[in-house]
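K.L.:
This is what each chain is made of:
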Amino acid sequence: MSVKINISNAVKRYGNTTVIENLSLSIRGGEFFTLLGPSGCGKTTLLRMIAGFNSIEGGDFYFNDTRINDLNPAKRNIGMVFQNYAIFPHMNVRKNVEFGLKNRPADKRIEKSRIHAQADKFLKLMQIDQLADRMPAQLSGGQQQRVALARALCIEPDVLLMDEPLSNLDAKLRVEMRTAIKDIQNSVGITTVYVTHDQEEAMAVSDRIAVMNGGVIQHVGTPKNIYQRPANTFVATFIGRSNILEGQMTVENGKAVVSLPTGYKATFDTVAPENMKDQPVILCARPEELLLEPNASDGLKAVIDSCVFLGLNTHYFVHLLSGEKAEIIQESSIDSIIQPGTEVRLRLNTEKANLFTKDGSRNLLTGVENDLSKKAV
Amino acid sequence: MKRKFEVWSAITWIFLALFALFLVYPMFGILKQSVISSEGRFTLEQFSKFFSTPYYSSTIKNSFVVTIAVTAVTLLLGIPFAYFYSFYQMKGSKFLFVVSILCCMSAPFIGAYSWIMLLGRNGIITVFFKDAFGIRLGSIYGFGGILMVQALKFFPLVFVYMNGAFKSIDNSLIEASANMGCTGVKRFFNVIMQLSMPTILAASLLVFMRAFADFGTPLLIGEGYRTFPVEIYNQYLGENGTDHNFAAAISVIAIVVTAVVFFIQKWATTKYNFSINCLNPVQKRKPRGIGGVLMYIYCYGLIALAFLPQLYIVYLSFRNCDGAVFKPGFSMVNYEKAMKKLLVRSINNTMLFGVVALVLIILFAILIAYLVVRRPRPLNHTIDTLSMLPYIMPGSIIGIALVIAFGKKPLALTGTMAIMIIALVIRRMPYTIRSATATLQSIPISTEEASLSLGAGKLKTFLTITTPMMGNGIMSGAVLSWVAIVTELSSAIILYNNKTITLTMSTYAAISRGNDGLACAFAAILTVLTAISLILYLAVTKSEDIKL
Chain D
144 MSVKINISNA VKRYGNTTVI ENLSLSIRGG EFFTLLGPSG CGKTTLLRMI AGFNSIEGGD
204 FYFNDTRIND LNPAKRNIGM VFQNYAIFPH MNVRKNVEFG LKNRPADKRI EKSRIHAQAD
264 KFLKLMQIDQ LADRMPAQLS GGQQQRVALA RALCIEPDVL LMDEPLSNLD AKLRVEMRTA
324 IKDIQNSVGI TTVYVTHDQE EAMAVSDRIA VMNGGVIQHV GTPKNIYQRP ANTFVATFIG
384 RSNILEGQMT VENGKAVVSL PTGYKATFDT VAPENMKDQP VILCARPEEL LLEPNASDGL
444 KAVIDSCVFL GLNTHYFVHL LSGEKAEIIQ ESSIDSIIQP GTEVRLRLNT EKANLFTKDG
504 SRNLLTGVEN DLSKKAV
Chain X
35 MKRKFEVWSA ITWIFLALFA LFLVYPMFGI LKQSVISSEG RFTLEQFSKF FSTPYYSSTI
95 KNSFVVTIAV TAVTLLLGIP FAYFYSFYQM KGSKFLFVVS ILCCMSAPFI GAYSWIMLLG
155 RNGIITVFFK DAFGIRLGSI YGFGGILMVQ ALKFFPLVFV YMNGAFKSID NSLIEASANM
215 GCTGVKRFFN VIMQLSMPTI LAASLLVFMR AFADFGTPLL IGEGYRTFPV EIYNQYLGEN
275 GTDHNFAAAI SVIAIVVTAV VFFIQKWATT KYNFSINCLN PVQKRKPRGI GGVLMYIYCY
335 GLIALAFLPQ LYIVYLSFRN CDGAVFKPGF SMVNYEKAMK KLLVRSINNT MLFGVVALVL
395 IILFAILIAY LVVRRPRPLN HTIDTLSMLP YIMPGSIIGI ALVIAFGKKP LALTGTMAIM
455 IIALVIRRMP YTIRSATATL QSIPISTEEA SLSLGAGKLK TFLTITTPMM GNGIMSGAVL
515 SWVAIVTELS SAIILYNNKT ITLTMSTYAA ISRGNDGLAC AFAAILTVLT AISLILYLAV
575 TKSEDIKL
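Just so you know, the protein sequences line up as chains D and X, in that order.
FYI, the numbering for the first sequence is 144 to 520, going by this note's numbering.
FYI, the numbering for the second sequence is 35 to 582, going by this note's numbering.
Incorrect hints may appear among the rest.
To be verified - If you only want the chain X side, here are some residues facing chain D, beta carbon under 7 Å, derived: (1) ALA106; (2) ASP277; (3) SER480; (4) THR481; (5) LEU488.
Unchecked claim - Within a straight-line C-alpha distance of at most 25 Å, the following computed DSS-like cross-link-like pairs (lysine-lysine) qualify: (6) LYS218(D) to LYS492(X); (7) LYS375(X) to LYS128(X); (8) LYS492(X) to LYS238(D); (9) LYS492(X) to LYS251(D); (10) LYS218(D) to LYS494(X); (11) LYS318(X) to LYS255(D); (12) LYS238(D) to LYS494(X); (13) LYS245(D) to LYS128(X); (14) LYS251(D) to LYS494(X); (15) LYS264(D) to LYS251(D); (16) LYS325(D) to LYS315(D); (17) LYS371(X) to LYS255(D); (18) LYS420(D) to LYS408(D).
What the hints assert, rightly or not - Some but not every residue of chain D turned toward chain X, in silico, with C-beta under 7 Å: (19) PRO216; (20) ALA217; (21) MET223; (22) TYR370; (23) PRO437; (24) SER440.
To be clear, the hints were calculated from the coordinates, so they are not data collected in a lab.
Beta carbons: idealized from backbone N, C-alpha and C, even for Gly.
Could you build the full structure based on these sequences and the hints that come with them?
P.N.:
What follows is the structure, encoded as C-alpha cells:
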C-alpha cells in the first residue's frame with residue numbers, strides 16, 4: 144500500500160519573509176517524485192515541511208487521508224536521507240540501522256528477535272552487510288550514503304524523503320549511487336520525494352519532476368515532457384540549455400509562421416489552436432535543435448565565434464546578424480571543425496523547438512503536460 | 035501553530051531561578067555592601083577612600099602592571115615554544131606537551147611556595163651561592179617574583195592555544211607566501227602571526243584574567259608589592275582591621291576592571307574575523323644545525339624551569355623535617371604528621387566536592403548548551419550571558435559574595451559543604467559551558483532530526499543521540515574543570531572551615547603556620563593527584579585539542 148501525498152495551499156514564513164506562498168502539489172503513491180530548482184528556491188524547505196522539521200504556517204498536508212500538519216516528526220513514519228547523511232557517529236553501522244527499529248511507536252513495534260533479521264535484510268539490500276560492525280568514521284562517502292539509505296528504509300516507512308543525498312559524492316560515485324537508489328526504490332515501491340539542484344540527476348531517477356523557482360512550482364511532469372515541452376522559459380532554460388530568440392508570430396493560410404528580425408521565417412505545425420493569433424513570441428531552441436547547414440543558401444545566417452570539441456559532440460558558439468548569441472551542438476564529424484569567423488546557415492528543427500508568449504510565462508504549443516494545474520490524481 | 039509546552043521551558047525557568055539565587059543575588063549583595071554603610075546610609079565613601087588613598091589605589095595599579103608584564107612575557111615565551119613544537123619534528127614532543135599541561139594546571143600557589151624554598155631568603159640556591167661564592171642573589175619577593183612565577187606557570191596556556199592555531203593554518207598558505215618571496219622571519223610575522231591573531235588575543239585574555247585574579251602567588255611571594263586580590267582578602271579576613279564594606283568596594287572596582295578588559299578583548303577580536311579552511315596541515319620539518327640545537331635547548335630548558343618547582347616540592351616532602359627546618363636524610367615523617375593533621379578528611383573532602391561539583395557542572399553545561407544552541411530564545415540568551423558572569427569575577431570575590439548572601443538566615447549556608455560546592459560550580463561552570471556550546475554548535479542538527487524521523491522522541495533523542503555526541507567535547511572540558519576544582523584556592527580560602535577543609539586549604543594552612551615539612555607533604559599529594567588526573571586524561575584522549 145503506497146501512500147500518496149497531498150499538499151494544498153502550503154505557506155512557509157520565516158519572520159516576515161514568505162518563502163513559500165500558496166503551494167499545492169499532489170504526489171502519487173509509489174512514485175519517485177523530485178523537487179528540482181536552483182538553490183534558495185524553497186525545495187528543501189518544502190521537503191522539511193513534509194518531514195515535520197519546519198513549521199507549517201498555512202495549508203494542509205495529507206498522507207492518504209491523514210492530516211499530518213501537527214503530527215510529531217517521530218510519528219509521521221517517514222524515512223529521511225540527509226545531505227550530510229547524519230549517521231550517528233557514536234554507533235556502528237548495525238546500531239545505526241537498527242536505531243529506528245528500536246524506536247517504533249507502540250502500534251508498529253517489532254519483536255526484539257526480528258530486529259536483527261530486519262536490519263540484515265536492508266544491510267544486504269544496500270550491499271553493506273560486511274560493514275555492519277564498522278564505525279562511521281571508517282566508512283567512505285558512498286558507504287555512509289548506503290548506511291543512511293538502509294537506515295531510512297529499514298523501518299519500512301510510508302514515505303522516503305531525500306535531501307540532496309548525492310551532493311557530497313564525487314561525480315562517478317554519484318552516477319553509480321543514483322542508479323542504486325532508483326533500483327531500490329523500484330523494488331521497494333515506496334513513495335519517494337527527492338530534492339536536488341542537479342537536473343541530470345533528476346532526469347535520471349524521477350518518475351515525475353516538479354521544477355521550482357522562487358517558492359513557486361513552475362512545471363510538474365515527466366522528465367521527457369519537462370525537457371521537450373517546458374511550461375515556460377524558466378523551465379526551458381533551467382532544464383538543459385536553450386537559445387532564446389525574439390520573434391513575431393503571424394497566421395498565414397491557417398499556419399503559424401514565426402519570423403525573426405533578420406528576416407528568417409519558420410513554419411510551426413505544433414501551435415495550440417487557442418494560441419493561433421498574431422503576436423510577439425519568444426522562440427526557444429535547444430542547441431541540438433539548431434542545425435548547421437554548410438551547403439544551404441537559405442536559412443538563418445550566423446557567424447562562428449568559437450568552438451569546443453568534446454568528443455561525441457562539438458559545441459559552436461555563434462552570433463546572428465541581429466547580434467543575438469546562440470549555442471549549437473552538433474555530433475562531431477570526421478571532417479575538420481568549422482573555423483571561427485566562418486559564415487554559416489542554420490536550420491531550425493521546428494518539430495522540437497518551443498514558442499512562448501513574449502513575457503516567457505506560457506508555452507504556446509500543444510503537448511505541454513503540466514500536472515500542476517490538474518486536480519489530485 | 036500553538037507552541038506546545040515543552041520540558042525545556044521548565045528547565046529555562048529553573049536555571050533562571052538558580053542563577054538569580056546563586057549569581058545575581060550575591061553580586062547584588064556585594065554591590066549593596068559597597069555603597070551602604072554599617073548604619074544603613076547610602077554612601078560612596080568607600081570608593082573615595084580607595085581612590086584618594088595611594089596605599090589602596092596602588093594595589094589596582096600594581097595588579098595591572100604585573101599582569102600586563104606577565105601577559106607579555108608569557109606571549110614571548112609561549113609563541114616561540116609553540117612555533118617550534120608545531121612546525122618542527124621535535125624529539126619527545128609528547129613529553130613536552132604533557133609536562134607543560136602539568137605546569138599550568140598545578141595548584142596556584144605551589145609554584146610560588148616552591149620558588150621561595152629554592153630562591154627565597156633561606157632557599158637552597160640562595161644559601162648555596164652565599165656560602166660557596168659569597169654572592170647575594172637578588173630578592174625573589176615582590177614584582178620580579180610574581181612575574182617569574184606567573185610567567186612560568188601561564189606560558190603553557192599560550193603554547194596550547196597557539197599550537198591549536200598553528201595546526202589550523204593550511205600548508206598552502208605557507209607555500210603561497212614562499213612563492214611570493216616571503217619566508218623565514220618575515221613570513222612568521224607577516225603571515226603566521228597575522229593568521230593567529232584571534233588566538234593570540236584569546237590566549238592573552240585568558241592569561242590576563244588568570245594572572246589578574248591569582249591570589250596565591252602574590253600572597254606568598256608579593257610581600258611589599260601589594261595586589262588587589264590580596265588586599266580584598268586582607269580587608270575581609272585579615273589579621274588586623276578588617277572592613278567588609280571596603281572589601282566589597284574593592285571587589286566592585288575589580289569586577290569593573292576585568293569586565294572592561296573582557297570587552298576590549300572581544301572588540302579587538304572582531305577586527306580579526308576570518309576563518310581558515312584547513313585541508314592540508316603544515317608539514318613538520320626536522321630541526322637542523324645550530325638552529326635545531328638552540329631549539330631543543332630553548333624548549334627543554336623552559337619546560338625544565340617550569341616543572342622544577344613541582345619536582346622540588348615532591349622531593350622535599352620526603353626529607354626529614356622538624357617544623358620549618360629541613361634536615362638531612364629521607365623519611366615519611368612529613369606524611370605521618372599530615373595523617374594527624376586531617377589528611378584523610380582533606381582528601382575525602384577534595385574528592386567529594388570535586389565529584390559532586392563536576393557532576394553538577396556537566397549536567398548544567400549540557401542543558402544550557404542545548405538551550406542556547408537548539409532553543410535560541412531571548413530568555414535562554416539571558417541564561418547564557420548570566421552564566422558567563424563568573425568569568426570576570428575573581429575567585430575571592432565569589433567567595434565574599436557567597437558569604438554576604440548566605441551568611442545569615444533564611445539561607446544560612448556558610449560553613450557547610452553545600453556552599454563550597456556551590457562556589458566550585460560557579461567558578462568553573464563558564465568554561466565547561468563554553469566548550470559544551472562550541473561542541474553542540476559543531477554537530478549538525480540533521481543528526482538529531484534523523485533520530486526524530488526514525489521515531490525516537492525528543493527526550494530520547496537528547497539522551498541517546500545529542501548527549502553522547504557532545505561527550506568528547508564535554509569530557510575534555512570536564513577533566514580540566516576537575517583539576518581546577520581540586521586545586522581551587524581563592525574562593526575556598528574565604529569559605530572553608532575545619533569541617534570542609536580540602537587538600538589545597540590544608541597545604542595553605544601549613545604554609546601560613548611555617549610548617550614547611552607538612553606543607554610539602556600536602557602539596558606533593560595535591561601535585562601527584564592533579565598529575566595522575568591529567569596524565570590519565572591525556573592518555574585516553576590522545577588529542578592535543580585542549581580548551582583550558
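K.L.:
Hey, LYS218(D) versus LYS494(X), does the alpha-carbon distance stay inside 25 Å?
P.N.:
Cα-Cα ~14 Å, so holds.
K.L.:
Please work out if LYS245(D) and LYS128(X) have their alpha carbons no farther apart than 25 Å.
P.N.:
It is violated: about 43 Å lies between the C-alpha atoms, which goes past 25 Å.
K.L.:
Does the nearest C-beta of chain X fall within a distance shorter than 7 Å of the C-beta of TYR370(D)?
P.N.:
violated (32 Å)
K.L.:
Straight-line Cα separation of LYS492(X) and LYS238(D) no greater than 25 Å?
P.N.:
holds (19 Å)
K.L.:
If you draw a straight line from the CA of LYS420(D) to the CA of LYS408(D), is it 25 Å or shorter?
P.N.:
With Cα atoms ~16 Å apart, LYS420(D) and LYS408(D) stay inside 25 Å; holds.
K.L.:
Mind checking the alpha carbons of LYS375(X) and LYS128(X) for me, to see if they're no more than 25 Å apart?
P.N.:
Roughly 38 Å separates the two Cα atoms, so the pair is violated.
K.L.:
Has the given pair, LYS251(D) with LYS494(X), been kept, meaning a C-alpha gap of at most 25 Å?
P.N.:
holds (18 Å)
K.L.:
Tell me if the interface restraint on LEU488(X) is satisfied: Cβ within less than 7 Å of some Cβ in chain D.
P.N.:
holds (3 Å)
K.L.:
Report holds or violated for the interface hint on SER440(D), using the least CB-CB distance to chain X and a cut-off of 7 Å.
P.N.:
violated (57 Å)
K.L.:
Does ALA217(D) hold up as a contact with chain X if the rule is Cβ-Cβ below 7 Å?
P.N.:
holds (5 Å)
K.L.:
Would the hint linking LYS371(X) and LYS255(D) be met if the CA-CA limit is 25 Å?
P.N.:
Violated - the C-alpha atoms of LYS255(D) and LYS371(X) are around 61 Å apart, more than 25 Å.
K.L.:
Using Cβ atoms only, decide whether ASP277(X) comes closer than 7 Å to chain D, and label the hint accordingly.
P.N.:
The hint is violated - ASP277(X) has no Cβ within 7 Å of chain D, the shortest such distance being about 54 Å.
Checked against the numbered hints given earlier, the structure breaks hints 1, 2, 7, 11, 13, 17, 22, 23, 24 and satisfies all the rest.
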